[in-house]
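4 protein chains.
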Amino acid sequence: MQKRPSAGASPARITSAAFKALLRDHLPMMADWGVKVETIGHGTATLSVPAGRRFLRPGDTVSGPVMMGLADVALYAALLGAIGPVPLAVTSNLTINFLRKPGAGGIRAEAAILRLGRRLATGEVRLYGKSSDLLAAHVISSYAIPNEISGA
Amino acid sequence: MQKRPSAGASPARITSAAFKALLRDHLPMMADWGVKVETIGHGTATLSVPAGRRFLRPGDTVSGPVMMGLADVALYAALLGAIGPVPLAVTSNLTINFLRKPGAGGIRAEAAILRLGRRLATGEVRLYGKSSDLLAAHVISSYAIPNEISGA
Amino acid sequence: MQKRPSAGASPARITSAAFKALLRDHLPMMADWGVKVETIGHGTATLSVPAGRRFLRPGDTVSGPVMMGLADVALYAALLGAIGPVPLAVTSNLTINFLRKPGAGGIRAEAAILRLGRRLATGEVRLYGKSSDLLAAHVISSYAIPNEISGA
Amino acid sequence: MQKRPSAGASPARITSAAFKALLRDHLPMMADWGVKVETIGHGTATLSVPAGRRFLRPGDTVSGPVMMGLADVALYAALLGAIGPVPLAVTSNLTINFLRKPGAGGIRAEAAILRLGRRLATGEVRLYGKSSDLLAAHVISSYAIPNEISGA
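Residue numbers (the numbering used here), protein chains in the order written: chain A, 185 to 336; chain B, 185 to 336; chain C, 185 to 336; chain D, 185 to 336.
Rather than coming from a laboratory, the hints here were simulated on the basis of the structure. Don't take each hint at face value.
[Unchecked claim] Listed next, the stretches of chain B that the computed footprint assigns to chain A, with coverage defined by at least 3 CB atoms under 8 Å from CB atoms of chain A:
no., region
1, 249-263
2, 273-279
[To be verified] Some chain B residues well away from chain D (every beta-carbon gap over 10 Å; in silico):
no., residue
3, His210
4, Pro212
5, Lys220
6, Ser232
7, Pro234
8, Val270
9, Gly287
10, Gly290
11, Arg302
12, Asn331
Backbone N, C-alpha and C fix where the C-beta goes; we use that ideal spot for every residue, glycine too.
Next comes chain A alone, as it looks inside the complex (with noise of 0.2 Å):
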């Protein structure tokens, strides 16, 4: 019934290196806490977070602020996936709705763009706890492409 955009039509226009590059580099929060990319293809990402004890708030799940970290990282991936290195493009807005707890273990937010617009693209993340097939949680978001960019 889903409808995704040319996911896997066309080859990403950002390699999974070059991704980890900018991570290092220019998110250094994202690389503190170990993200790893999957995959990314044409508007598409998976990426991943490991476990870990710092990630945990009562209850002793992983916490929200990590599952949007996460969320927003990887569409940002899908986003450069489908119009490549862009680093400035930013998120404009960004919904999330938590379903199930994911327990104490990794997360896995496999990302994709519903719409390529010229200066706004707006996808959709599902994040899972590792190994599990259930929604943790629902992500919708809207990236603002800067014009110099989506102009060329």
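Assemble the complex: chain A is given as a structure, and chains B, C and D must be docked to it using the hints.
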């Protein structure tokens, strides 16, 4: 024009010291970020994060995940200010709109509960760059309140 | 990649005919719009509105309020498909992202519950211009389920 | 605590009469609902809908779609109050949180732009049951401003 709840009408049901201890013991990431509790009232709270290179993103401005995390914990403080120490209250959903880049300095979050139900509390958070009056981001978010407590 | 709930696994707990009667008797605006119930399953539903000049906005395209209203009632149908006739279930929150102008024709809404809790159900709705595969809008929304029923 | 934009600092760039004409000619559903334009300022607006049986839902309270539609058109009025008659400005996203059932009477929407960019404007709307001070719902929403105008 803003109708805020009973902010100020009743004393806070958690002290700043008790909330700081909760951060230290149960939200290690927030403690690690150096989140500072400025004030907690009955359904209101002001918290801040200091400036830090690790918080930045491309464009030399505080990253979205830091603002989302700070907003989430600020609303948690406002909620516990209204219902007392209920650490198992959990975020149900959160919507953030990023309005202006806050720059590289610290961030201040002003949170207020808009409606406190037995099972769900909804509030908003306004985020500002330190010593700025211009909104950097607006957050609306709901917390689920566990049964055993809310029924008490 | 989409993990949908038990859609299809169980029979719907409300029939299309019963839901149509509910619209006619208790949601007069939806009945007046000519909302059509295509299918209701256990936690899923497809509803549509016909084309109509009264539904348009500047740009000769269906207006946002029509898409929001249709999405809201479609998720209500999906929810009642899962929990049975509980008319007092009420929308708690709704986020819509408009992705592509659907034009002046009818609109189809495909709703699915992502998580059904005792007190809160969250689902998403995808809106399409009639006979289009391209997403016109994406909705994520939660319904509060009244106590007397959910505790039953 | 609320930092509102230049509300009041500048005169409105559309008159109430011109906005009413726009409703009548181009938003027939809003005109049919009897939406009343109370005031429009530069980035602010107050609009209302009268009571009406057709607006109700189970529980004898105004339905969500009516509140979403009123909020959407109220923010449109606030935006045109700031940028002038740009009918092709379109809603990009909208998040509503329903806080208290407003009952069966009329609804008042108070809208204010929080940030007016060249391409995107974001604002909030507070919805009240007529003659009530208690928030019935809170809306945050963004409008996309078409290029030709915003670049003028």
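Hint check:
1. Counting residues of the region 249-263 of chain B whose C-beta sits closer than 8 Å to any C-beta of chain A gives 6, which meets the bar of three, so the coverage hint holds.
2. For the region 273-279 of chain B, the assignment as covered by chain A holds, since 6 residues bring a beta-carbon within under 8 Å of that chain's beta-carbons and 3 suffice.
3. Even its closest Cβ contact with chain D, about 27 Å, leaves His210 (chain B) beyond 10 Å, as expected for a residue assigned away from the interface.
4. The non-interface label for Pro212 (chain B) is consistent with chain D: the shortest C-beta to C-beta separation is roughly 30 Å, beyond 10 Å.
5. No beta-carbon of chain D comes within 10 Å of the beta-carbon of Lys220 (chain B); the shortest separation is about 18 Å.
6. No Cβ of chain D approaches the Cβ of Ser232 (chain B) within 10 Å, the least distance being about 15 Å, so the stated non-interface status holds.
7. For Pro234 (chain B), the non-interface assignment is confirmed: its Cβ lies about 22 Å from the closest Cβ of chain D, beyond the 10 Å cut-off.
8. Non-interface status of Val270 (chain B) relative to chain D is upheld: no Cβ of that chain comes within 10 Å, the nearest being about 20 Å off.
9. For Gly287 (chain B), the condition that its CB be more than 10 Å from all CB atoms of chain D holds, with the nearest at approximately 16 Å.
10. Interface exclusion of Gly290 (chain B) from chain D stands, the closest Cβ pair being 17 Å apart, more than 10 Å.
11. The claim that Arg302 (chain B) is not at the interface with chain D holds, since no C-beta of that chain comes within 10 Å of its own (minimum 13 Å).
12. The claim that Asn331 (chain B) lies off the interface holds: its Cβ sits roughly 21 Å from the closest Cβ of chain D, which is beyond the 10 Å cut-off.
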